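In order, the protein sequences belong to chains A and B.
All residue numbers for the first sequence refer to this note's numbering, where the first residue is 10 and numbers rise by one.
All residue numbers for the second sequence refer to this note's numbering, where the first residue is 175 and numbers rise by one.
Simulated from the structure, these hints should not be mistaken for laboratory data.
Since the model is a prediction, treat every value here as computed from it, not as a measurement.
It cannot be assumed that every hint is accurate.
[Said to hold, decoys possible] Pairs of lysine-lysine, DSS-like flavour, derived with a Cα cap of 30 Å:
1) B:Lys-316 with A:Lys-35
2) B:Lys-635 with B:Lys-316
3) A:Lys-65 with A:Lys-173
4) B:Lys-440 with A:Lys-84
5) A:Lys-65 with B:Lys-316
6) B:Lys-369 with A:Lys-12
[Unchecked claim] Simulated coverage check for chain B against chain A, where a stretch passes if three residues somewhere in it have a Cβ under 8 Å from a Cβ of chain A:
7) 214-228
8) 257-263
9) 613-626
Heads up, the beta-carbon is just placed ideally off N, CA and C, and yes, glycines get one too.
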Amino acid sequence: MFKIVSKRQLNEAVTLMDIEAPYIAKKAKAGQFIIFRIDEYGERIPLTIADTDPAKGTVTIIFQAVGTSTIALSKMNEGDAIADFVGPLGNATEIEGYKNVCVVGGGVGCAIAYPSAKALFKAGAHVDMIAGFRNKDIVILEDEMRAVSHNLYVTTDDGSYGEKGFVTNKLQALIDAGNKYDLVIAIGPIPMMKFLAEVTRPYGIKTLVSLNPIMIDGTGMCGGCRVTVGGKIRFACVDGPDFDGHEVDFDELMRRNSYYKAQERESASHPCRMLAASEKASAAASEASKEDK
Amino acid sequence: MANLSLTKVPIPEQDPNIRNKNFDEVALGYTEEMAKEEATRCLNCKNRPCVSGCPVNVRIPDFIAQVAAGNFEEAYKIITSTNCLPAVCGRVCTQETQCESKCVRGMKGESVGIGRLERFVADYHMAHVSEPAPAIEKNGHKVAVIGSGPSGLTCAGDLARLGYEVTIFEAFHKAGGVLVYGIPEFRLPKAIVQKEVDNLEALGVEVRTNFVIGKTMTIDELFEEGYEAVFIGSGAGLPSFMGIEGESLIGVYSANEYLTRVNLMKAYLDNYDTPIRKSTAVAVVGGGNVAMDAARTAKRLGAEHVYIVYRRSEEEMPARAEEVHHAKEEGIEFMCLNNPTRILGSDSGEVRAIEVISMELGEPDASGRRRPVAIPGSEHEIEVDTVIMSIGTSPNPLIRSTTEGLDANSRGCLVADETMATSRPGVYAGGDAVTGAATVILAMGAGKTAAVSIDKYIKEKNNG
Numbered sequence: 010m011f012k013i014v015s016k017r018q019l020n021e022a023v024t025l026m027d028i029e030a031p032y033i034a035k036k037a038k039a040g041q042f043i044i045f046r047i048d049e050y051g052e053r054i055p056l057t058i059a060d061t062d063p064a065k066g067t068v069t070i071i072f073q074a075v076g077t078s079t080i081a082l083s084k085m086n087e088g089d090a091i092a093d094f095v096g097p098l099g100n101a102t103e104i105e106g107y108k109n110v111c112v113v114g115g116g117v118g119c120a121i122a123y124p125s126a127k128a129l130f131k132a133g134a135h136v137d138m139i140a141g142f143r144n145k146d147i148v149i150l151e152d153e154m155r156a157v158s159h160n161l162y163v164t165t166d167d168g169s170y171g172e173k174g175f176v177t178n179k180l181q182a183l184i185d186a187g188n189k190y191d192l193v194i195a196i197g198p199i200p201m202m203k204f205l206a207e208v209t210r211p212y213g214i215k216t217l218v219s220l221n222p223i224m225i226d227g228t229g230m231c232g233g234c235r236v237t238v239g240g241k242i243r244f245a246c247v248d249g250p251d252f253d254g255h256e257v258d259f260d261e262l263m264r265r266n267s268y269y270k271a272q273e274r275e276s277a278s279h280p281c282r283m284l285a286a287s288e289k290a291s292a293a294a295s296e297a298s299k300e301d302k
Numbered sequence: 175m176a177n178l179s180l181t182k183v184p185i186p187e188q189d190p191n192i193r194n195k196n197f198d199e200v201a202l203g204y205t206e207e208m209a210k211e212e213a214t215r216c217l218n219c220k221n222r223p224c225v226s227g228c229p230v231n232v233r234i235p236d237f238i239a240q241v242a243a244g245n246f247e248e249a250y251k252i253i254t255s256t257n258c259l260p261a262v263c264g265r266v267c268t269q270e271t272q273c274e275s276k277c278v279r280g281m282k283g284e285s286v287g288i289g290r291l292e293r294f295v296a297d298y299h300m301a302h303v304s305e306p307a308p309a310i311e312k313n314g315h316k317v318a319v320i321g322s323g324p325s326g327l328t329c330a331g332d333l334a335r336l337g338y339e340v341t342i343f344e345a346f347h348k349a350g351g352v353l354v355y356g357i358p359e360f361r362l363p364k365a366i367v368q369k370e371v372d373n374l375e376a377l378g379v380e381v382r383t384n385f386v387i388g389k390t391m392t393i394d395e396l397f398e399e400g401y402e403a404v405f406i407g408s409g410a411g412l413p414s415f416m417g418i419e420g421e422s423l424i425g426v427y428s429a430n431e432y433l434t435r436v437n438l439m440k441a442y443l444d445n446y447d448t449p450i451r452k453s454t455a456v457a458v459v460g461g462g463n464v465a466m467d468a469a470r471t472a473k474r475l476g477a478e479h480v481y482i483v484y485r486r487s488e489e490e491m492p493a494r495a496e497e498v499h500h501a502k503e504e505g506i507e508f509m510c511l512n513n514p515t516r517i518l519g520s521d522s523g524e525v526r527a528i529e530v531i532s533m534e535l536g537e538p539d540a541s542g543r544r545r546p547v548a549i550p551g552s553e554h555e556i557e558v559d560t561v562i563m564s565i566g567t568s569p570n571p572l573i574r575s576t577t578e579g580l581d582a583n584s585r586g587c588l589v590a591d592e593t594m595a596t597s598r599p600g601v602y603a604g605g606d607a608v609t610g611a612a613t614v615i616l617a618m619g620a621g622k623t624a625a626v627s628i629d630k631y632i633k634e635k636n637n638g
């Protein structure tokens, strides 16, 4: 069993937990993930590692309550324990050799963008960070992100906090203002990553995205997490989870992540208002799930 | 006087049209009377050809003689002196190509039902005897076993009996490897696997689940932790795909994923959260045992039509004849001499059909089987909403890519000699990780050999 050492609500839907897992804490690097299972009946759910404390032996996870398992986990408390917690899985984010980086997080994706920014910042890179949210109420990790970046730009869709607009607008503005990035890291809802990759494509800026497809084992065994990258099938668990954003087939990924939506089960996608289209899709999906209940 | 019946005493089975709607075990096992009767068919040959056909050298005629005499517990002791997983082997071993293929009775009529008798003896013991684990004096030497499948369990059991402090590291949350994630409940009840794991723990073996060697810890770190030798039994779990159009459509699974969802994650039970697709028509691509398992599972989950799509003819199928027979009884439809060319999707990205091309058999190829050749222009569609790819697996690269000096061949299989020693001193490997996808009993044989080698290695190291 793996103990929940501490719990903090970051916003209404997003929870932070420190889990006692000393071996993983010792080993994990930015970009890697764990798989948890609440109890005998639960699904195996992948979550990116947000932070670690090797001395205390804890691993920090930040998650949005969107499916059966994450909702159940969000209701657990300090001192409770979950059945399974395995990792660190996947490859660490490449941080060597970059001088000028822009790390972009969307919504709860900021929880995954944060450790990458932190690792790059510590490695001596100049780090700009753009963190996008729907509105003021759901802004998370602002102090933490500010501490690991040279400039933090917070945007909200409705302008209720920071700058009004989408992260894509902000990145475009920063590029237009003459910032020369040698790497952009984009982590958030799939449509956000897709459109961000389109912003950087004309400039040929290397763009890494972190993918979170449906998976079971996380060690290359099930093939459920396969994504098409550069026309080839890759497994996010062992070949990723970071991939070249200019090569990923995001539309296919979006379809595959909606695999079990109709069955109202755990889904890896996050609510996103960035695009009317995605809003509609998620509304349809939640309608479908209501009917299924 | 030997029983001269030319056929095995039939083993009771669930009716095909009932069992294809449940996950209970297909074969129900012999009664005591049936077992005794079958046992009298053994001629107790002097040269014991059956024993040489067994990768773990079970003293077959000896245990069968005890069954015939009604001394079932004696029979159990004889089997378990060389085979620590009899209830598993009695069910999933390919006896027909091993011990039973050498049986003299098989020259005229059917061989003795060695597998059925082994299963009976193991089940009898489980049902009637609960003995405390033998007290074993620990020798103070630590050995790490990676993977809790058939080779790892066997290696760990043998080393524990020799006094070693054995820790099994398992990546999944449950021990058993392919016995729990791959082989379905209706062929091998998971309670039986759990009992075998419990027996090992009673012997003092520690099982650490949720521990991925190569990620959570490397082999080098295991040595730093004081383990004196390591056995790698990590299997061949990486699924292959065909590389055809449409393999990423919604409704396409690897057999591994499909079976893992159902067997390990218990998606077939309502109180478990893991989902599985509700299919109407399913195409399973492949002709091995795993393909049969996937097809029979899909049928049990309620699919109206389940097709086996295989590019050669039934004669070349690698699956056990018994599995093919069971699958047919349960209503699985065989579409042999058909090779998939692409998978077709609907507008919403879901599978709507699989396109196949008809094949005919040409000259024998390197495998000795007649090579399937496509008939030009014979493409046709089979309407399905689910496709399960069961065309093979290869070893997982997580360990070899994180262990310096560990040699692998071009197919990714670890290189081990006849003692199961790898290119790294103190590191041994066996089972599918070395051979590529093979059988439970071959993996167990490798685990046994490795245990002997590891014992020798540690003794020499400490005395030298």
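Quick one: which hint numbers does this structure break? Sort them smallest to largest. 3, 7, 8, 9
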